[in-house]
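Trainee: Build the full structure now, drawing on both the sequences and the hints.
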Amino acid sequence: MKRFAGAASLFAAASLMLPLAAHALSFRTYLASYGNDGNPCTVAAPCRLIPAALAQVLDGGEIWMLDSANFNGGTVVINKSVSILAIPGQIGSIAAVGSVPAIVVSPGMTVLLRNVSIATNANNPGTDGIQMTTGSLVVEDSAFGIGGAARAIDLTGLGSLAVTNVSFHDGTQGIHVAGGGTATIANSTFLNLTDVAVYADGSVASTTTEVSVSNCRFGSVNIGALASSAGGALRLFVTGSSFSGGMYGIGSQVTAGSPVVVTTVGTSSIFNMSIAGMFQAGTAVLETQNNNLVRGNALNSSGTLALSGSL
Amino acid sequence: MKGTLIRFVLLLAASLVAPLCAHATGVFRAYLASYGSDANPGCSVSAPCRLLPAALAAVADGGEVWMLDSANYNAGTVSVSKSVSVLALPGQVGSIVAVAGGAALNIGGGLNVVLRNLVIVNNAANPGTDGIVVSGSSTVTVEQSVISVPNGTAISMAAGGVLSVDHTSIRDSNNGVRGAGNAVVDISHTKFANIPIYAVWLDGSTASTTVKAGVTDSTFSNVHIALFCWTQAGTATTRGTMTRSTVSNSVYGVASDVAAMGGIAECSAGMSMLDGVDTPFQQSGGTTGTQGNNLVRNGGPNGGTLTNVGSM
Numbered sequence: 000m001k002r003f004a005g006a007a008s009l010f011a012a013a014s015l016m017l018p019l020a021a022h023a024l025s026f027r028t029y030l031a032s033y034g035n036d037g038n039p040c041t042v043a044a045p046c047r048l049i050p051a052a053l054a055q056v057l058d059g060g061e062i063w064m065l066d067s068a069n070f071n072g073g074t075v076v077i078n079k080s081v082s083i084l085a086i087p088g089q090i091g092s093i094a095a096v097g098s099v100p101a102i103v104v105s106p107g108m109t110v111l112l113r114n115v116s117i118a119t120n121a122n123n124p125g126t127d128g129i130q131m132t133t134g135s136l137v138v139e140d141s142a143f144g145i146g147g148a149a150r151a152i153d154l155t156g157l158g159s160l161a162v163t164n165v166s167f168h169d170g171t172q173g174i175h176v177a178g179g180g181t182a183t184i185a186n187s188t189f190l191n192l193t194d195v196a197v198y199a200d201g202s203v204a205s206t207t208t209e210v211s212v213s214n215c216r217f218g219s220v221n222i223g224a225l226a227s228s229a230g231g232a233l234r235l236f237v238t239g240s241s242f243s244g245g246m247y248g249i250g251s252q253v254t255a256g257s258p259v260v261v262t263t264v265g266t267s268s269i270f271n272m273s274i275a276g277m278f279q280a281g282t283a284v285l286e287t288q289n290n291n292l293v294r295g296n297a298l299n300s301s302g303t304l305a306l307s308g309s310l
Numbered sequence: 000m001k002g003t004l005i006r007f008v009l010l011l012a013a014s015l016v017a018p019l020c021a022h023a024t025g026v027f028r029a030y031l032a033s034y035g036s037d038a039n040p041g042c043s044v045s046a047p048c049r050l051l052p053a054a055l056a057a058v059a060d061g062g063e064v065w066m067l068d069s070a071n072y073n074a075g076t077v078s079v080s081k082s083v084s085v086l087a088l089p090g091q092v093g094s095i096v097a098v099a100g101g102a103a104l105n106i107g108g109g110l111n112v113v114l115r116n117l118v119i120v121n122n123a124a125n126p127g128t129d130g131i132v133v134s135g136s137s138t139v140t141v142e143q144s145v146i147s148v149p150n151g152t153a154i155s156m157a158a159g160g161v162l163s164v165d166h167t168s169i170r171d172s173n174n175g176v177r178g179a180g181n182a183v184v185d186i187s188h189t190k191f192a193n194i195p196i197y198a199v200w201l202d203g204s205t206a207s208t209t210v211k212a213g214v215t216d217s218t219f220s221n222v223h224i225a226l227f228c229w230t231q232a233g234t235a236t237t238r239g240t241m242t243r244s245t246v247s248n249s250v251y252g253v254a255s256d257v258a259a260m261g262g263i264a265e266c267s268a269g270m271s272m273l274d275g276v277d278t279p280f281q282q283s284g285g286t287t288g289t290q291g292n293n294l295v296r297n298g299g300p301n302g303g304t305l306t307n308v309g310s311m
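Protein sequence lines correspond, in order, to chains A and B.
Take the first sequence: its position 95, counting from 1, is numbered 94 in numbering that gives the first Met the number 0, and each next residue is one higher.
Take the second sequence: its position 205, counting from 1, is numbered 204 in numbering that gives the first Met the number 0, and each next residue is one higher.
One or more hints might be untrue.
Claimed, not checked - FRET-style restraints, in silico, Cβ to Cβ: (1) B:S80 / A:N78: 42 to 48 Å; (2) B:V92 / A:D58: 39 to 45 Å; (3) B:A74 / A:N78: 45 to 51 Å; (4) A:D36 / B:G107: 39 to 45 Å; (5) A:G88 / B:N122: 26 to 32 Å.
Think of the hints as simulated: they come from the structure by calculation, not from any bench.
Glycine included, C-beta positions come from ideal geometry on N, C-alpha and C.
Mentor: If you want it as structure tokens, here you go:
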């Protein structure tokens, strides 16, 4: 009898603990414009802002934005591996506000962002869109409108970045990759950026940074894709992309020392650049597949081009 | 007691000043809905406005206007005089009509304007003219939209600036996109259909100007001229290039024309297909170029001299 009573007590204790555990960490948490951060972030009682949903989601879980609204009040620090997405037909807005970035991905996290709009707050501007160092970040079907002297995505470390179907417009830099990171960028659009749209930065010695760009479009950006190094090795591949109406299309340069910097360009088009379609400087290599259409630029090329050929 | 009174007065003053300040700077994001009212202050999400001019008045320079549901959001030409993004939510249709002999949108100079997921059409009962007229030098981006204005030009960059058109359908309009002044035009992933005059028109009619255009991954069907570089001023230059695009069932594909007063007109195409085009390439005084890797079939002969511009 005593044993039975003990078992019953344990069962009662467990039944009390289970809901508490489930309440604390869910596989999927929900956000909505009508939510409240005092809620458990369930679909029936969603939360209002991303930090609340992050606090209640399991590592490896998902956060769904159920309707169109802005879902942050300051920098969102993503300290779990998580997928954050607005459901189709809605816009999940995350604003860069108050002189800080919109999102910081903590080191080592695996994060996916889908169908989000990351813009600066015109009344109280922020800085970058997303900052990360290591880990993995996938961004799909999203839009960035980061004004001012900022980067839409800044990867400075050994992390990996994959960007697909994303629009970057109206800012300084689009994607900056440095310190041995790897970036794959596809089917994306870069418009009206006042500096570099895709920047492979070899400023960190003893690292190899690799960036591939395919089927992307660059319109009215100062430099479309640039590999520039004074220390680290760089590989930049550009295929099936179009560059139009900026200052430079594609550049490959070494500004100090003799790091290995190789930029390869194929099946792309470069039009109407006010300075040069392609440029090479220092010991950097700029090789073309000899199937690019380069027309109407002040200079179609500057420096020395190498031929990469095809297989 | 005196301290409490002072605190109350200060609090009252602050509560009055704060909304005034917010109104003066404008809201970061203003909202429109079919159930909205222009009397709603600030065009908030819970109390949206009804028409675009009210939202433009409420929003801060550099802010956004969201159309929350499907409806028409103007009653006459909408003048845009601040930098702004105007968009309908995905799955909704944000309609702006060209009505009563005017353009649907008139965008001034010195601005940065983004238009996304909009439908700009003519009001058949009380027709307007053009779709979007950019009357000053501004940066304008049009994405994921539809424009159909049978009495006018879908998008006209009349005085320079930068125009980007992406994933947009332009149909049943006299002209598609016109760039003039010192306009720089980028067009990608866009469909042009049933354009009886020029689909992409680089208009070199203003002296001492250069008009540039790049067209990629786009389609042209049943148009008179797909890409047209034209000058009629001796010191004007027009340069256009088309890649990875398709022109079908049309009169001209890529054409360059220098009228009697001179100028430089250069249009080229590469990696593109011209199928069933009466005159795939036309050169009349300017330079019409091919990269030498276009697929040209089921059409008539070229006109004038075709220049091979090669690859790099």
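Trainee: Check the structure against each numbered hint from earlier and tell me which ones fail, lowest number first.
Mentor: none
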